[in-house]
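Novice: The chain contents come next:
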Amino acid sequence: MKLTVQDLNSHYGPAHILFDIGFEVGEGEVVALLGRNGAGKSTTFRSIVGLVAQRTGRIVFEGKDVSAKPTHEIVREGLGYVPEERRIFTDLTVEENLEVGKQPKRANAPDWTREKLFALFPNLGEMKNRPGGRMSGGEQQMLTIARTLMGNPSLVLLDEPSEGLSPKIVEQMVDAILTMKKEGVSIVVSEQNLHFARLISDRAYIIERGRICFGGTMAELDARPDIRDAHLSL
Amino acid sequence: MAFYVVQFLTGLASAASLFLVASGLSIIFGVTRIVNFAHGAFYMIGAYIAFTLTERLSGAFGFWGSIVLAALAVAMIGIIVEMVLLRRIYHAPELFQLLATFGLTLMVEDLVVLVWGPDDLVGRRAPGFKGAIDFFGQNIPSYDLFLIVLGPVVLGILWLLFQRTRWGVLVRAATQDRDMVAALGVNQKWLFTSVFAVGVFLAALGGALQIPRDAVHHAMDLRIIVEVFVVVVIGGLGSIIGAFVAAVLVSELNAFGILIFPKISIILVFLVMAVVLIVRPWGLFGKPEAPARKTPGLTVNPWRPLTSNERLAALAALVIAATLPLFAGNYALTVGSEIAIFVIFAVSLHFLMSVGGLASFGHAAYFGLGAYGIAFLAKMAGLPMVVCLLLGPLLGCMGAAVFGFFAVQLSGVYFAMLTLAFAQIVWSIAFQWVSVTGGDNGILGVWPEKWAASPSHFYWLALGVAALVTIALRAMVFSPFGYALRATRDSLLRSEAIGIDAKRIQWTAFVIAGTTAGIGGALFAYLKGSVFPDNLGISLSVDALVMVLLGGVETVSGAVIGAIVYKALNIWLVSQTDLSKLVLGGFIMLIVVVFPKGIVGMLETLAQRRKKAPPPASPLLAKPIESAE
Numbered sequence: 001m002k003l004t005v006q007d008l009n010s011h012y013g014p015a016h017i018l019f020d021i022g023f024e025v026g027e028g029e030v031v032a033l034l035g036r037n038g039a040g041k042s043t044t045f046r047s048i049v050g051l052v053a054q055r056t057g058r059i060v061f062e063g064k065d066v067s068a069k070p071t072h073e074i075v076r077e078g079l080g081y082v083p084e085e086r087r088i089f090t091d092l093t094v095e096e097n098l099e100v101g102k103q104p105k106r107a108n109a110p111d112w113t114r115e116k117l118f119a120l121f122p123n124l125g126e127m128k129n130r131p132g133g134r135m136s137g138g139e140q141q142m143l144t145i146a147r148t149l150m151g152n153p154s155l156v157l158l159d160e161p162s163e164g165l166s167p168k169i170v171e172q173m174v175d176a177i178l179t180m181k182k183e184g185v186s187i188v189v190s191e192q193n194l195h196f197a198r199l200i201s202d203r204a205y206i207i208e209r210g211r212i213c214f215g216g217t218m219a220e221l222d223a224r225p226d227i228r229d230a231h232l233s234l
Numbered sequence: 001m002a003f004y005v006v007q008f009l010t011g012l013a014s015a016a017s018l019f020l021v022a023s024g025l026s027i028i029f030g031v032t033r034i035v036n037f038a039h040g041a042f043y044m045i046g047a048y049i050a051f052t053l054t055e056r057l058s059g060a061f062g063f064w065g066s067i068v069l070a071a072l073a074v075a076m077i078g079i080i081v082e083m084v085l086l087r088r089i090y091h092a093p094e095l096f097q098l099l100a101t102f103g104l105t106l107m108v109e110d111l112v113v114l115v116w117g118p119d120d121l122v123g124r125r126a127p128g129f130k131g132a133i134d135f136f137g138q139n140i141p142s143y144d145l146f147l148i149v150l151g152p153v154v155l156g157i158l159w160l161l162f163q164r165t166r167w168g169v170l171v172r173a174a175t176q177d178r179d180m181v182a183a184l185g186v187n188q189k190w191l192f193t194s195v196f197a198v199g200v201f202l203a204a205l206g207g208a209l210q211i212p213r214d215a216v217h218h219a220m221d222l223r224i225i226v227e228v229f230v231v232v233v234i235g236g237l238g239s240i241i242g243a244f245v246a247a248v249l250v251s252e253l254n255a256f257g258i259l260i261f262p263k264i265s266i267i268l269v270f271l272v273m274a275v276v277l278i279v280r281p282w283g284l285f286g287k288p289e290a291p292a293r294k295t296p297g298l299t300v301n302p303w304r305p306l307t308s309n310e311r312l313a314a315l316a317a318l319v320i321a322a323t324l325p326l327f328a329g330n331y332a333l334t335v336g337s338e339i340a341i342f343v344i345f346a347v348s349l350h351f352l353m354s355v356g357g358l359a360s361f362g363h364a365a366y367f368g369l370g371a372y373g374i375a376f377l378a379k380m381a382g383l384p385m386v387v388c389l390l391l392g393p394l395l396g397c398m399g400a401a402v403f404g405f406f407a408v409q410l411s412g413v414y415f416a417m418l419t420l421a422f423a424q425i426v427w428s429i430a431f432q433w434v435s436v437t438g439g440d441n442g443i444l445g446v447w448p449e450k451w452a453a454s455p456s457h458f459y460w461l462a463l464g465v466a467a468l469v470t471i472a473l474r475a476m477v478f479s480p481f482g483y484a485l486r487a488t489r490d491s492l493l494r495s496e497a498i499g500i501d502a503k504r505i506q507w508t509a510f511v512i513a514g515t516t517a518g519i520g521g522a523l524f525a526y527l528k529g530s531v532f533p534d535n536l537g538i539s540l541s542v543d544a545l546v547m548v549l550l551g552g553v554e555t556v557s558g559a560v561i562g563a564i565v566y567k568a569l570n571i572w573l574v575s576q577t578d579l580s581k582l583v584l585g586g587f588i589m590l591i592v593v594v595f596p597k598g599i600v601g602m603l604e605t606l607a608q609r610r611k612k613a614p615p616p617a618s619p620l621l622a623k624p625i626e627s628a629e
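Line by line, the protein sequences give chains A and B.
Residue 1 is where the first sequence starts when you use the UniProt record's numbering, and the numbers rise one by one after that.
Residue 1 is where the second sequence starts when you use the UniProt record's numbering, and the numbers rise one by one after that.
Don't read these hints as lab results, they were simulated from the structure.
Accuracy of the hints is not assured; some may be wrong.
Stated by the list, open to error - Result set (SDA-like, lysine to any residue): computed pairs, CA atoms no more than 25 Å apart in a straight line: (1) A:K69 x B:P262; (2) A:K128 x B:M83; (3) A:K128 x B:Q163; (4) A:K69 x B:Q163; (5) B:K189 x A:P104; (6) A:K105 x B:D179; (7) B:K189 x A:E77; (8) A:K128 x B:R166; (9) A:K102 x B:V593; (10) A:K102 x B:S194; (11) A:K69 x B:K287; (12) B:K287 x A:E163; (13) B:K189 x A:S67; (14) B:K189 x A:Q54; (15) A:K102 x B:R166; (16) A:K128 x B:G168; (17) A:K69 x B:D179; (18) B:K189 x A:Y12; (19) B:K287 x A:S136; (20) A:K105 x B:W190; (21) B:K287 x A:T90; (22) A:K64 x B:D179; (23) A:K181 x A:T90; (24) B:K287 x A:N129; (25) A:K105 x B:R164; (26) B:K287 x B:S411; (27) B:K287 x A:G133; (28) A:K102 x B:R172; (29) A:K102 x B:S411; (30) A:K69 x B:S194.
Said to hold, decoys possible - Here are some chain B residues the structure puts well away from chain A; computed CB gaps all over 10 Å: (31) E55; (32) V68; (33) R172.
Yeah, the Cβ is synthetic: ideal placement off N, Cα and C, and Gly gets one too.
So that you can see chain B by itself, here it is in the shape it has in the complex (with noise of 0.2 Å):
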């Protein structure tokens, strides 16, 4: 009994970092509506301020103010982030928000190391909490029971501030009517900034916090980030309370997961918040509200199929691609493949999210699975090679049936939290079931077959399978499937008045877009000889969001150019520089300040220019960032 009262007790005390975490990034949301992916990021570097600043100062009162310091100094670090970065993306879509933030992140995680070198750091202990307390037998940190107290205390400080001061009250107001509160004198770019560095100094104090009792690590960011959106979509985005008692039962059920099924225990915690979100997709504590925002891939020109010459363009864009053997070596021809099957899963995601408007933020899941369904049947059931290739990426297609099913109900975020949450779902079930997946090493041995197995033959079926899925989609967007989808995209409730069957058009969507990235996942395994978890991992989904960026949301073909300008950019940087996340998220951030129509959508404006007048703003940005300047 004693046992288990400890372990929770442990429980309650990881939630304290977690609440202050996940409290800053819901305070951050409920105004700015900003899903803040460099949460985890900020958090980190809390935590390193804090080891270097209590490393150098000496005491109780050192130790202690190390850690207010360096909470302190990480919030001036966010509101140099919020001039210089969120200003200008505060009307942008979700997803350019939640990419650009994630660009940060990647820049963060290279920057810390530069700083700080690789390996883990062990921090100092508190000062009058070094002990231990004995509890029939069982031993609990006091510093745990400090954390314990904590965690209500600053409930409860935030509580006053948002209830008792006329910040608090304009914070209130803000999140609700942004608008409105401008319309009453407010100066919202204060507020903003204001919001934005106290949701920082909670994310830095809560890594500060941790120095006790965890190693100060440079992948300690996307952990918590990932933890952190369970909690706020378990408690409601935006809402404190919600944020507390989330924190408290992610916590517990890791704290209890690992007794009860210590092989799946990260999956429980994904599975709650599953459930949580298709009963109460809004969360335990928030509120349901209309999704105002626009979605991606809406467009003021219209698309047109592609006119006979273009046609002609591209085919013999094609036919120019297929000599490539002809003159290039082998290790030219291995990066064409890849670049072949990245521009498959580029144009999957583009499909689900620009045609849909569904943007997800877990689609290498379903990739992964292709590889996965590959890596089974030709290892284990000893399938031939074209066999393998038709059934494989079934198993992308099955997933995205099931995970689809339910992500469907929600949109936006919370759309891009879900699926990032199923992705996470299936990485750990690669990464934890070692008898049946290898876990970290992975399946070796996964070769194509001799007619397959040269280069230029693997390069020229790679080429062939991209060519028929990029037909095969774009003629899907011109159909009526096509048009009902982008009804749906462009006003659900319109589109259900004219009778379309918004959920199941976006599911059908959901699950061509998975067996497609599933395709792409099944070459990818045969021409890598092998599948690893990673083949599932957020980084893979994040590469296809940029890719599809990158060629522009809004045009029917811009994934095609993001996928083979991002992965030829990509595999060359790897090559050349260690600091290789600095320059991607510099990259990253970069284009969606920027170049927000990708390059595609900047060709179109120009050659538009040339026809005739300027045509109307980007409809992503059509609204100019008036309101919190």
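The following block holds chain A by itself, in its conformation from the complex (with noise of 0.2 Å):
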């Protein structure tokens, strides 16, 4: 298993946001993290790479135990997290943004260049010396993704990329997760929006409320409309 997430228990402060979750992403595999606002998607990732200080757990990623490392060497061992409010860096310039993101090279993760990112979001290119203050919302999600990847990480956890994008911008997003998968990152996706996940993902989890309440393909999910029903607004 690339990453393997046990028991995972969090709070912020007295209240206990998630209760014993649990899920495995395979090597390559594209999973999608399904549920509603604020079933604990974004607290679910940010608690795998340690920004969320009171947290109990098991988290293996490539056969080895994170869960005591702090935030900066979980993501050295080639775990990248892009938080859904994209996090730019606005007063740094697109070109700036990039070189915060740079860490070296990795064996088992492909190895992305600025040529080869700019391939992948042509947008971005073309602003190169533009302040991410100053961009669009889904120039900022292209950045914020393209940033991670400078990391060479070989599992990205995407915490709703196509949140308050335009349908288009949506579909260059899907090519780029595509893209991702060939290359071979695997990805955790968390997302609302079953039609863009279905797109994507391999398998799939939905949370509610702090716990995971059911996991299998996206086959096995679409043969129960109950449970999207129930746990996912339509």
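Build the complex from these two chains, which are given one at a time in their own frames, with help from the hints.
Specialist: Listed below in structure tokens is the structure:
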């Protein structure tokens, strides 16, 4: 297994947010984490990379238990994270944003260069010196993915990449994610949009109120409209 | 005309050092969000070490080599300080960070006297820059010209460092979003350490470069840090260009202010700062940012009024305290009166800080104004003591009304800096306006009337007023006004959304706290029989902060305990050792790092633990230092 999450529990202050979350991602797989607003998708991702301080459980990445490591070490193992809010460095140019993400090559992961990323996201290549704060939402979304890819991750946690984007940009996003998959990057993508998830994912988990309540292939999910209707708003 | 040009150039030369120190402070704040009060101390150590090295190493290389070596040595000290002290408090509230670095400053002040002695040291002049250049009959030291060139050169180097290197890009990214930088695999621990080292290097270089111009002495840290605060606040915290422009502005104001208003030259700079803060609170080149940090006083354990048993216990404690004159001598009673007065002072700051979430770094201004109020009324108007005691604190009230109006427009670090600046304004008026305030000599002969003159009577008076003030402020905490004030502390936006006029509530709290402090100051004037500018000084303001902190910021009445313990300890310490600043500074750092909840907070935690399962982690340190490790 590429990534195994077991018994993940997280708290924000006195509030218990995640309850015994567990899921697995295979080598080269694209797995969707589906759920409504506030179900706990973002908190799951933030907990995996260690940005939520109060968490317990086991996170095994490429056979190594990384749950006790600080954020930057987890990321340096090759576990990339793309936050939902994008969190572009607004004062930095596109090139400089990419520079912050840069990490050395990794044996088991594709090697991304600026040129390769500009080919993947042609819009970014046309605005190399533009400050992040003067970009559209779609461009920022592309930049935040490209920035994480600069770290040459072997697995990427993508938090709601289609949120708030126009249909045309969403299409580009689908292409980009499929290219990443083709290059050999494993991906966990959190989504509310089942249609989008279906286009890219091999398997899906559904999270509701901080608990995993379904796990299976996309075909198995389609065979259970009751689950789909109960936990996902369509 | 030539005279004015020379004056202008002198101002520019002074700006160089100021810019170096201020840019260092700004860089450190930008990334670590710590306002490093100890920055002046690093500046001072830089000057001292450079002095020693230039005495040992000869020749041109020796001089310039010494300057650079001194700055590097101090940068190493900075690295140790960052790793040992600052890494433990990155996620603590700003107040704690300011206090911890202030504690460090206190320690350094005593240490340099231990190592280099108390006398001023006059350093060597710079080889190659010993002479002066004639400018239409006026002399300009050639070293000044060197400094004038150096400022922009350093600005240029810093600009290249931040724009053209990977380190600079990472620093700029971390300035905006530290967690995201960590989430991209950057080790923040070393980024923070390196940034701190660079900032400290700049401060020490600024100090080292001053030795051909000024004598090195052990009070140069406080003088520069106040100016540097002014510079970064005017220029905008975190902006290097802002630091440069503001350093020039402040130095020129100093250079010309002394010609135009020789009496109030210090005030001029502070007035400009106050105006900038009111018009552009984030400074000329800074950026407005949301106050995301936790304010002191925010607590998970809800506050509640005392139960009837606890009230009886408090009353019993008061009765026991009142029996002190039956068995204690005059000295003990004077100490007791002083402690009671400081209880008043501490609870007034606690009200502003813990209940209102507004950490003032200049609360002594209102204490001192109360004291001066008494001195004016008793000495000049010759009014009876009771009238004086009733009217004297009004001066503190008026001061708080004026300054508080401006101060509550800001929050967090900026609030702390503005209150500090206002206190410095009041201090410099008291210090410079000799004809009215007596300047450094103060106003003497303010003695209580016969009915309150004996130590026991005065002790009862002070104790009674302290008890009344504490009860009144406590009652206010649990009044509708107190609820509204705590609402503005916990969330300004939400409280405004439910119709609370937040600024007015905060202003009112500021005035109440200032008036109460004035009552303490009024009694203090009678206790000491005199009033001095020190009664409004920074160190007194910090004393008050430490008392509140020691008692426990998150508690309702920790300030009372904090004031008693701290004041008693302080009086005892000063009588025991010459190195009281060293001990006190270490003590402050210890509380911040080891006991951030204070004495009462610790007791509450212990009591709770006995009752039920462990309480949630302290909200002050709710987030461990994980992202900095």
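Novice: Against this structure, judge whether each hint is valid.
Specialist: A quick look at each hint next to the structure:
1. Using a Cα cut-off of 25 Å, the hinted pair K69 of chain A and P262 of chain B is violated, with the two alpha carbons roughly 60 Å apart.
2. In summary, the hint linking K128 of chain A to M83 of chain B is not supported, as the alpha carbons are separated by about 37 Å, beyond the 25 Å threshold.
3. Simply put, K128 of chain A and Q163 of chain B have alpha-carbon atoms about 15 Å apart, close enough for the 25 Å limit, and the pair holds.
4. A distance of roughly 31 Å separates the Cα atoms of K69 of chain A and Q163 of chain B; the hinted pair therefore is violated under the 25 Å criterion.
5. With a CA separation close to 19 Å, the supplied pair K189 of chain B and P104 of chain A stays within the 25 Å bound.
6. The straight-line distance between the Cα atoms of K105 of chain A and D179 of chain B is roughly 23 Å, inside the 25 Å bound, and the hint therefore holds.
7. Distance hint between K189 of chain B and E77 of chain A is fulfilled; the C-alpha atoms sit about 18 Å from each other, no more than 25 Å.
8. A hinted pair counts as satisfied when its Cα atoms are at most 25 Å apart, and K128 of chain A with R166 of chain B qualifies at roughly 16 Å.
9. Distance hint between K102 of chain A and V593 of chain B is unfulfilled; the C-alpha atoms sit about 35 Å from each other, more than 25 Å.
10. Of the pairs offered as hints, the one joining K102 of chain A and S194 of chain B holds, with about 19 Å between alpha carbons and a cut-off of 25 Å not exceeded.
11. Of the pairs offered as hints, the one joining K69 of chain A and K287 of chain B is violated, with about 34 Å between alpha carbons and a cut-off of 25 Å exceeded.
12. At roughly 28 Å between alpha-carbon atoms, K287 of chain B and E163 of chain A are farther apart than 25 Å, so this suggested pair is violated.
13. At most 25 Å may separate the alpha-carbon atoms for a hinted pair to count; K189 of chain B and S67 of chain A meet this at roughly 19 Å.
14. For the given pair, K189 of chain B sits about 20 Å from Q54 of chain A by alpha-carbon distance, which is consistent with the 25 Å threshold.
15. For a cut-off of 25 Å, the pair hint linking K102 of chain A to R166 of chain B stands: about 10 Å separates their Cα positions.
16. Distance check on the hinted pair: K128 of chain A and G168 of chain B sit about 18 Å apart at the alpha-carbon level, within 25 Å; holds.
17. Of the pairs offered as hints, the one joining K69 of chain A and D179 of chain B holds, with about 15 Å between alpha carbons and a cut-off of 25 Å not exceeded.
18. Proposed proximity of K189 of chain B and Y12 of chain A is supported: the alpha carbons are some 24 Å apart, at most 25 Å.
19. For a cut-off of 25 Å, the pair hint linking K287 of chain B to S136 of chain A stands: about 21 Å separates their Cα positions.
20. At roughly 21 Å between alpha-carbon atoms, K105 of chain A and W190 of chain B fall within 25 Å of each other, so this suggested pair holds.
21. Between K287 of chain B and T90 of chain A the alpha-carbon distance is near 12 Å, which keeps this suggested pair within the 25 Å criterion.
22. Our distance criterion of 25 Å between C-alpha atoms is met by K64 of chain A and D179 of chain B, whose separation comes to about 23 Å.
23. Between the alpha carbons of K181 of chain A and T90 of chain A the distance comes to roughly 29 Å, so the proposed pair goes past 25 Å and is violated.
24. At roughly 21 Å between alpha-carbon atoms, K287 of chain B and N129 of chain A fall within 25 Å of each other, so this suggested pair holds.
25. Distance hint between K105 of chain A and R164 of chain B is fulfilled; the C-alpha atoms sit about 23 Å from each other, no more than 25 Å.
26. Distance restraint check for K287 of chain B and S411 of chain B: the Cα-Cα separation of roughly 15 Å lies within the 25 Å cut-off, and the hinted pair is therefore satisfied.
27. Simply put, K287 of chain B and G133 of chain A have alpha-carbon atoms about 14 Å apart, close enough for the 25 Å limit, and the pair holds.
28. Between K102 of chain A and R172 of chain B, the direct Cα distance comes to roughly 15 Å. Compliance with the 25 Å bound is thereby established for this hinted pair.
29. For the given pair, K102 of chain A sits about 37 Å from S411 of chain B by alpha-carbon distance, which is inconsistent with the 25 Å threshold.
30. The suggested pairing of K69 of chain A with S194 of chain B holds, with an alpha-carbon distance near 22 Å, which does not exceed 25 Å.
31. No Cβ of chain A comes within 10 Å of the Cβ of E55 of chain B; the nearest lies about 45 Å off, and the non-interface call holds.
32. For V68 of chain B, the shortest C-beta to C-beta distance to chain A comes to about 30 Å, beyond the 10 Å cut-off, and the non-interface label holds.
33. A beta-carbon of chain A is positioned within 10 Å of the beta-carbon of R172 of chain B; the least distance is around 6 Å.
When each numbered hint is compared with the structure, violations occur for hints 1, 2, 4, 9, 11, 12, 23, 29 and 33.
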